[in-house]
Each structure stands twice: as structure tokens, then as C-alpha cells.
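> In case you want the letters, here they are:
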Amino acid sequence: MTTDLWLRPLIALGITLVAAVALTVIGIRHRQAPPRYLRDFPIFRSLPGEVGRAAEEGALIHVTLGSGALTGEDAMTSLAALESLHALFDLAAAYDTPPLITTGDPTLYVLADDWMRRAYTRLGNPERYRPALVQFMAATPATYAAMAATYLSEKGSGTTMMLGAFDQEVSLLTDAVIRHGGRAIGGAVSPLGLAPLFTLLEPQQLVLGEDLFAGGAEATQRSVFWASLGVQDFLRWLLVAGMVLTALFSVLGVGGH
Amino acid sequence: MFKRILPTAVAISAGLLVLLGAFIPVDPLPQIRAVLIDWAMFVGAFAFILAYLQLLRVHLTRLRRGGKGKSTSLWVVLSALVVFVLVLWQGPAGAVGQTLLRGLLAPGQSALLALTAVTLLLSGMRLFKVRRNLGSVLFLAVVLVMLIGSIPLAIVPYQGAMGTVVGVADWLQRVPALAGMRGLALGVALGILLTGLRVLFGMTRPHSDD
Numbered sequence: 113m114t115t116d117l118w119l120r121p122l123i124a125l126g127i128t129l130v131a132a133v134a135l136t137v138i139g140i141r142h143r144q145a146p147p148r149y150l151r152d153f154p155i156f157r158s159l160p161g162e163v164g165r166a167a168e169e170g171a172l173i174h175v176t177l178g179s180g181a182l183t184g185e186d187a188m189t190s191l192a193a194l195e196s197l198h199a200l201f202d203l204a205a206a207y208d209t210p211p212l213i214t215t216g217d218p219t220l221y222v223l224a225d226d227w228m229r230r231a232y233t234r235l236g237n238p239e240r241y242r243p244a245l246v247q248f249m250a251a252t253p254a255t256y257a258a259m260a261a262t263y264l265s266e267k268g269s270g271t272t273m274m275l276g277a278f279d280q281e282v283s284l285l286t287d288a289v290i291r292h293g294g295r296a297i298g299g300a301v302s303p304l305g306l307a308p309l310f311t312l313l314e315p316q317q318l319v320l321g322e323d324l325f326a327g328g329a330e331a332t333q334r335s336v337f338w339a340s341l342g343v344q345d346f347l348r349w350l351l352v353a354g355m356v357l358t359a360l361f362s363v364l365g366v367g368g369h
Numbered sequence: 019m020f021k022r023i024l025p026t027a028v029a030i031s032a033g034l035l036v037l038l039g040a041f042i043p044v045d046p047l048p049q050i051r052a053v054l055i056d057w058a059m060f061v062g063a064f065a066f067i068l069a070y071l072q073l074l075r076v077h078l079t080r081l082r083r084g085g086k087g088k089s090t091s092l093w094v095v096l097s098a099l100v101v102f103v104l105v106l107w108q109g110p111a112g113a114v115g116q117t118l119l120r121g122l123l124a125p126g127q128s129a130l131l132a133l134t135a136v137t138l139l140l141s142g143m144r145l146f147k148v149r150r151n152l153g154s155v156l157f158l159a160v161v162l163v164m165l166i167g168s169i170p171l172a173i174v175p176y177q178g179a180m181g182t183v184v185g186v187a188d189w190l191q192r193v194p195a196l197a198g199m200r201g202l203a204l205g206v207a208l209g210i211l212l213t214g215l216r217v218l219f220g221m222t223r224p225h226s227d228d
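Going down the list, the protein sequences come from chains A and B.
When we follow this note's numbering, the leftmost residue of the first sequence carries the number 113, and every step to the right adds one.
When we follow this note's numbering, the leftmost residue of the second sequence carries the number 19, and every step to the right adds one.
The reader is advised that the hints may include incorrect statements.
Stated by the list, open to error - Only part of the chain B face toward chain A is listed, based on derived beta-carbon distances under 7 Å:
| id | residue |
| --- | --- |
| 1 | A65 |
| 2 | L122 |
| 3 | A124 |
| 4 | S128 |
| 5 | L130 |
| 6 | L131 |
| 7 | L138 |
| 8 | L145 |
| 9 | A197 |
| 10 | M199 |
| 11 | L202 |
| 12 | I210 |
| 13 | T213 |
| 14 | G214 |
| 15 | P224 |
Said to hold, decoys possible - DSSO-like cross-link-like pairs, simulated, lysine-lysine; straight-line CA separation at most 30 Å:
| id | chain 1 | residue 1 | chain 2 | residue 2 |
| --- | --- | --- | --- | --- |
| 16 | A | K267 | B | K86 |
| 17 | B | K88 | A | K267 |
| 18 | A | K267 | B | K147 |
Just so you know, the hints here were simulated from the structure itself, not pulled from any lab data.
If you're wondering where the values come from, they're calculated on a predicted model, not measured in any experiment.
Here a beta-carbon is modelled for each residue, glycine too, at the ideal position from N, C-alpha and C.
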């Protein structure tokens with residue numbers, strides 16, 4: 113029992129330290145040119161096109177960020193979703209066609225509002241920012257999804273982007289998109305959220321699980337994000353090797369229980 | 019410069035202290051960690067107040083302007099204000115607040131969640147209509163097997179074909195579904211770890227200008 117108390121935190125600390133060192137090394141090594149990996153994310157490359165389309169057609173882009181609180185376990189998921197939309201915020205501010213951003217968590221609302229406001233400030237147009245375009249809808253996920261879905265029916269939407277911490281409540285949104293038309297892209301990390309999105313979206317419009325964390329790399333093209341993806345791949349293979357070895361040892365009866 | 023350095027310094031130092039407090043149970047790290055997490059909760063509570071005020075502002079503006087959605091906004095504003103006053107008067111454990119919670123909010127949540135079952139079913143039916151490929155067929159076949167396999171024993175005895183279906187449903191849940199979910203969770207955990215480390219090292223600064 114005492115060993116377990118120390119062992120698990122030590123293993124977690126070990127993985128974190130390995131990740132930290134790998135991130136530093138790969139980040140420094142690839143500072144000049146971003147490393148490119150064999151991954152393709154057409155969904156994130158299509159975001160600027162959506163802004164252009166919205167500017168031409170006068171259609172609304174509705175971004176739903178989910179209910180992942182920044183004080184909870186979904187904080188990094190929500191942050192990754194925001195990072196994926198970084199380029200969209202900048203372009204939308206440049207075209208003055210800001211998206212309607214809805215959130216199901218107050219802390220996420222504050223961050224999204226800040227990011228959108230800063231996009232306008234970077235362009236030298238802070239006075240053009242309209243606070244009403246970033247909204248906190250409701251504190252519970254199902255109510256949030258229902259409220260966001262009613263916005264689709266009231267305002268109509270050219271494109272709906274569902275990126276963030278979603279569970280099955282996202283099916284209320286996908287149903288609204290089907291009924292009211294318009295384009296959609298989406299991504300979630302939870303299987304409960306991915307199931308409804310899978311039924312609505314084509315593969316090139318859907319981001320599954322950890323690919324949501326790759327959006328920042330495509331959106332910003334910064335080497336630190338690409339390095340981070342590289343470290344993710346490295347750690348994944350390390351863990352896979354560890355699991356295979358553990359299974360092998362278990363089959364061979366090495367190492368006891 | 020001050021606007022960038024101070025938030026970054028606070029974020030990095032707080033993040034490091036919380037992380038170390040989680041991994042190293044040596045005083046005073048766990049105590050510092052607990053204090054910092056409490057402070058984060060306080061800030062989150064203030065964010066709630068900000069978000070609540072913004073919600074009221076948006077819907078009051080919609081009421082003033084009129085047009086579509088006016089009735090929804092009226093209900094939102096009335097319910098937000100009435101419940102706020104009631105809870106302020108009696109406290110969150112007061113009789114009226116508890117009645118509203120148990121009699122209105124909880125059933126409403128349950129109704130919305132029940133609605134997701136219907137919307138999921140409709141989505142599944144639509145999938146086969148719009149995308150007829152192996153993935154869709156497999157998806158729907160698994161859904162069908164899981165739904166049938168979940169029928170309670172009291173309604174249909176697990177014999178013959180039904181027993182086979184229940185066995186297949188159980189195997190699907192215990193083996194491929196669990197394996198897939200664990201694989202997904204592993205990838206997501208790595209993504210979360212790296213995103214957190216980027217913030218911890220100041221490589222990305224969501225809290226300030228970058």
C-alpha cells in the first residue's frame with residue numbers, strides 16, 4: 113500500500129519529466145523550421161475559407177466551444193479548441209465578420225471573450241469588437257446545447273463549428289444543424305461526443321480525440337506546436353512499447369503477477 | 019512588457035507549485051497546492067458572476083430590440099432574476115430554491131438528456147441514408163446489437179438467439195469498445211499533458227498577448 117502511494121505519482125512525474133525534456137529538446141532543435149509530420153488536418157485548413165465565405169455571403173459562423181471548464185479536467189481540451197480557432201479569430205476580426213461564439217462554462221466564456229477582443233486589438237480596432245458575440249449560454253451541458261441549438265433556428269448559420277469538450281448533448285446541436293441546414297465541422301475528445309458528430313460529419317470535417325490538440329499547429333504554424341505534436345507521437349510509441357513489453361513479460365511469466 | 023511578463027510569471031509559478039504539490043507529498047507543497055486550487059475556484063466563481071451579468075445583458079438587449087427569440091429571452095431574464103432573488107433571500111439550501119432545483123431544474127435536465135436519445139437515434143437512421151459505406155453499416159450494426167443486448171432479462175429471457183446477441187453485445191463492450199476508448203483516452207491524455215506543459219513553460223500564453 114505504501115509503495116503504491118509513492119509509485120504511481122513517481123511514474124506520472126517520470127512521464128511528465130520525459131515529456132518536458134523531449135519538448136524542450138525538440139522545440140529547440142526545430143526552432144528555425146517547424147517539423148512536419150505525416151498528418152493531414154484539412155478541417156483546420158478550411159477554417160480561413162469559412163471566414164471568407166461568411167464575409168461574401170453575409171452568413172454567420174457559429175462556434176460552440178462546449179462546457180469544458182478552465183478549472184476542471186477539460187481545461188486543456190477547451191484551450192486546444194481555442195488554439196485551433198486562433199487563425200479564425202484573427203481573420204474574422206480582419207474581415208469584421210466575427211463568429212458567434214457560445215460556451216457552456218463561465219471561465220471559458222471569459223477566455224474566449226478575451227481572445228476575440230485581443231484579435232481586434234491586434235488589428236488596431238478594439239472599438240469594433242462587440243461583446244455580445246461571445247456568449248455564455250447555460251451552466252449545464254444539456255441546457256447549453258439546447259440554447260445553442262435554438263440560436264441556430266433563430267439566427268440561421270452559414271457554418272457551425274463544434275469544437276471542445278462535448279458529451280452526448282452535442283446531438284441536440286447536430287440535430288439542429290441537420291434541420292436548419294448549413295455547413296458543419298466538429299471535434300470532441302469523448303466517445304459520447306464523437307458518436308453524434310460521426311453521424312453528421314464526413315471524415316474530413318471531423319476531428320477525433322487527440323487530433324483536436326493538433327489544431328494549434330495547423331492554425332498558428334508555430335514550431336512549438338509542431339514540436340509538441342512530435343513529442344506526443346514519441347510518448348505514444350514509448351507507451352505502446354511499454355505495453356507490448358509488459359504484455360510479453362506477462363505471457364512469459366516474467367516479473368510475477 | 020509588464021503586461022506580458024507578470025501574467026506569464028504568475029501562471030508558470032502557480033502551475034509548477036500545483037504540479038509539484040500533486041507529485042511530491044512533502045510539506046508544505048500539498049498545502050500550497052490546496053490554497054492555489056481554492057483561489058482558482060474563487061476566480062472561477064467570479065467568472066460565473068461575469069458570465070451571468072453578460073447573459074442578462076445579451077437577453078435584455080434582445081428584448082429591447084425585439085424580433086425573433088424575444089419570448090425565449092423574456093423567459094431567460096425572468097427566471098434568472100427570480101431565482102437569483104429567491105436564492106439570495108433564502109440561501110441555496112432554502113425551501114424554494116430546493117423545490118425549484120428538484121421540481122424544475124432536475125426534471126428539465128432529465129428531459130433534455132432523454133431528448134438526446136431520440137436525436138441520437140434519428141442521427142443514426144440518417145447516417146445510413148446519407149452515407150452508405152462499410153463504416154456506416156458497421157456503426158449501425160453495432161448500435162443495433164448493443165440496443166438489443168441491453169434489453170433487460172425480465173422482459174426477454176437470454177436464450178437461443180437472444181442469448182447469442184447478449185453475448186456479442188457483452189463482448190463488444192468488454193473488448194473492442196473498451197480497447198478503443200482506452201486508446202482514445204491515452205491519446206487525449208498525451209495531448210492534455212503536452213498542452214499543459216506548453217502553458218507551464220510559457221511556450222504558449224493564453225492568458226496574455228500570445
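> Give a verdict on every hint.
Here is how each hint holds up against the structure:
Evaluation of the A65 of chain B hint against chain A yields a held restraint, the C-beta minimum of about 4 Å falling below 7 Å. Checking L122 of chain B against chain A: minimum C-beta separation of about 12 Å lies over 7 Å; hint violated. For the restraint placing A124 of chain B at the interface with chain A, the shortest Cβ-Cβ distance is roughly 10 Å, beyond the 7 Å limit, so the hint is violated. For S128 of chain B, the interface hint is violated, the least distance from its beta-carbon to any beta-carbon of chain A being 9 Å, above 7 Å.
Annotation: L130 of chain B was flagged as interfacial toward chain A, and the flag holds, the nearest CB pair being 4 Å apart, inside 7 Å. This hint holds: L131 of chain B has a C-beta 5 Å from the nearest C-beta of chain A, less than the 7 Å allowed. With 7 Å as the threshold, the beta carbon of L138 of chain B comes within range of chain A, its nearest partner Cβ sitting at about 5 Å, so the hint holds. At its closest, the beta carbon of L145 of chain B sits 4 Å from a beta carbon of chain A; the interface hint therefore holds under the 7 Å criterion.
Interface hint status for A197 of chain B: violated, as the beta-carbon distance to the closest one in chain A is roughly 11 Å, over 7 Å. Because the closest C-beta pair between M199 of chain B and chain A is about 6 Å apart, less than 7 Å, the hint holds. A distance limit of 7 Å between C-beta atoms decides the matter here; for L202 of chain B the minimum to chain A is near 5 Å, and the interface restraint holds. At a threshold of 7 Å, the smallest CB-CB gap from I210 of chain B to chain A is about 4 Å, leaving the interface hint in force.
With a least beta-carbon distance of about 4 Å to chain A, the hint placing T213 of chain B at the interface is held under the 7 Å criterion. For G214 of chain B, the interface hint holds, since its Cβ comes within 7 Å of a Cβ in chain A; the closest pair sits about 5 Å apart. Because the closest C-beta pair between P224 of chain B and chain A is about 6 Å apart, less than 7 Å, the hint holds. Of the pairs offered as hints, the one joining K267 of chain A and K86 of chain B holds, with about 8 Å between alpha carbons and a cut-off of 30 Å not exceeded.
Using a Cα cut-off of 30 Å, the hinted pair K88 of chain B and K267 of chain A holds, with the two alpha carbons roughly 12 Å apart. For a cut-off of 30 Å, the pair hint linking K267 of chain A to K147 of chain B stands: about 28 Å separates their Cα positions.
The structure shown violates the earlier hints numbered 2, 3, 4 and 9.
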